[in-house]
Amino acid sequence: MFENILNAVAAGLIIGCIYGLMCIGLGLIFGIMKVVNFAQGELLMLGMYVSLYLVAGFTAIGFLGPYAAPFVAALIAGPVLFGGGALLHRFVLRHVSGLSTASRQDEGGFGQLIVTLGISLILQNGGLILFGSTPESVLTPLSASAFILGPFPTGALLFLNKAQVFAAVVAIVVAVVLWLVMERTTLGKALRAAADNPVAATYMGIDVDRAYRIAFGLGAAITAIAGGLMATYLSFTPFVGLDYVIIMYSGVVLGGMGSILGAFWGGLLVGFVQQASTLVLPPQLQNAAIFVVFLLIVGLRPQGLFGRSAERA
Amino acid sequence: MLEVQDLSVSYGGLRALQGVTLRVAAGQFVTVVGPNGAGKTTLFKTISGVVSPASGTVQWDGASLLKRPSSARAHLGIAHVPEGRQVFRTLTVQENLEMGAYPRAGRSQWARTLDRIHALFPILKERADQLAGTLSGGEQQMLAIGRGLACAPRLLMLDEPSMGLAPAVAETIFDRIAQIHKEDGLAILLVEQRVAEALELSDHGYVLDTGRMVLEGGYQTLLADDRVRRSYLGLGEA
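Taken in sequence, the protein lines are chains A and B.
Take the numbering used here: the last position of the first sequence gets the number 314, and nothing is skipped along the way.
Take the numbering used here: the last position of the second sequence gets the number 939, and nothing is skipped along the way.
Hints listed in this document are in silico derivations from the structure and should not be mistaken for laboratory results.
Check the hints yourself; a few may be wrong.
As the list claims (entries may be wrong) - Pair ranges (Cβ atoms, derived): (1) B/A829 with A/L129: 51 to 57 angstroms; (2) A/I149 with B/W811: 53 to 59 angstroms; (3) B/P770 with A/F292: 25 to 31 angstroms; (4) A/F292 with B/A812: 49 to 55 angstroms; (5) B/G838 with A/F111: 33 to 39 angstroms; (6) A/V93 with B/P770: 19 to 25 angstroms; (7) B/G838 with A/A157: 38 to 44 angstroms.
C-beta: ideal position from N, C-alpha, C; glycine also.
Assemble the whole structure, with the sequences as input and the hints as a guide.
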């Protein structure tokens, strides 16, 4: 029993770090643009396929060898989806979000709902046409091997999947870099200013439309990197986003909408709960366990774990 | 420097501004006074490009501003300190000032302007790492003005800086504005409901009422005008 708990907790923390990164992508888009993006799961999916084709399809980075290539491919999926996200904003989302809709009654909310759902469907079915429905994965020799730690008290051994461990390390590094960019650089501060008060940001000379485009691109890139990392230890089809969009929303809401650090901790918590629940529940009920915890936390702390409840007027 | 010519603005059929003309020369202190709903904020928003006019022109250094995006104003040297302060509440005081210095001119003179802002408003130095949303109203106003100064502007537009402030605090704000004008030689365009204080500071004043400029002139001219005395200063006939 102790061995099971130990392994579930460790797996939860490792998977949680990757979920945390995935959630930051959604949290960035929501926090800065106030857009509820239903297509975020598909950005994750695209990250997986970009990574897959980089490694297997084009063998473009084959020289890196089977160990490093999948992780480098995941990182390259970031810039690729940054471009894709920026284009999506430029030609589609710009018309239903930002300053152009600020004066509308619902601030473009209904338009965003329909448009992002539509993008999600197009990407799912477009993915089906382009990539096919065969489950794929970006396997590395690491996927099937484990670090074995221990023995711990009672002789328990801890097995850590190597692919997951490296994916979690990369996820943490990417999350920290992004956090530093948001906190320390002029770009990050300008993005936060545009999120806080778009009109005042315009008065400061910040091109808010461009800031939103960068935010959407960054959000897409971060989730895509998480997708590329996840591709090293699970199999996926063009519909994989459906499973994860719910997890992303839970993480972002738990962390407190609009807080980037919060989104990471929220994702970590969701991953942890998901893995820990396998100790007492059948795997099919993993997501049910997430939602029980979700409802409990939101019931007790509606602003989320890291959200600000009130500010001085 | 700034020339507004024959400007008209409508909101859904309602005329907010009608044929408004106004000039601010380099280093000049110009005040626009008028009651609530006279169109003062609309005038500012039109100059800043947030609202587009039905007709008329807005020129800066002889070139039209109306074709430029709103975000270009700060880069051209026009700082807008908006009504209701509008500080970035979730950013620290220091980060707010840094955002004010976003345009190139602001960045290149950052060290000097920051010293100047801190000299004018020492509280902003003390509170540098505090979130702007936690400041008092007066402190937020100081931050909003400091943030405006951070882009090293040639024109500082102030929209009702005394709004919602206690009289003593408002007086401090007016003193600082006068000091900025005098010591830095900065042109100032001020919109105010506190007519007496505002006109006293300025070289030239305009009276805006229900979207029209009804009167303009120097401090003495305006104060001598019966309409100004009766409607805005609560005084009897001269």
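For each hint, the structure was consulted:
1. B/A829 with A/L129: 51 to 57 angstroms: holds (54 angstroms)
2. A/I149 with B/W811: 53 to 59 angstroms: Holds: the Cβ-Cβ distance is about 55 angstroms, inside 53 to 59 angstroms.
3. B/P770 with A/F292: 25 to 31 angstroms: violated (45 angstroms)
4. A/F292 with B/A812: 49 to 55 angstroms: At 53 angstroms between Cβs, range holds.
5. B/G838 with A/F111: 33 to 39 angstroms: For B/G838 and A/F111 the Cβ distance comes to about 36 angstroms; the hint holds.
6. A/V93 with B/P770: 19 to 25 angstroms: holds (21 angstroms)
7. B/G838 with A/A157: 38 to 44 angstroms: Violated - the Cβ-Cβ distance for B/G838 and A/A157, about 60 angstroms, lies outside 38 to 44 angstroms.
In this structure, the hints that do not hold are numbers 3 and 7, in rising order.
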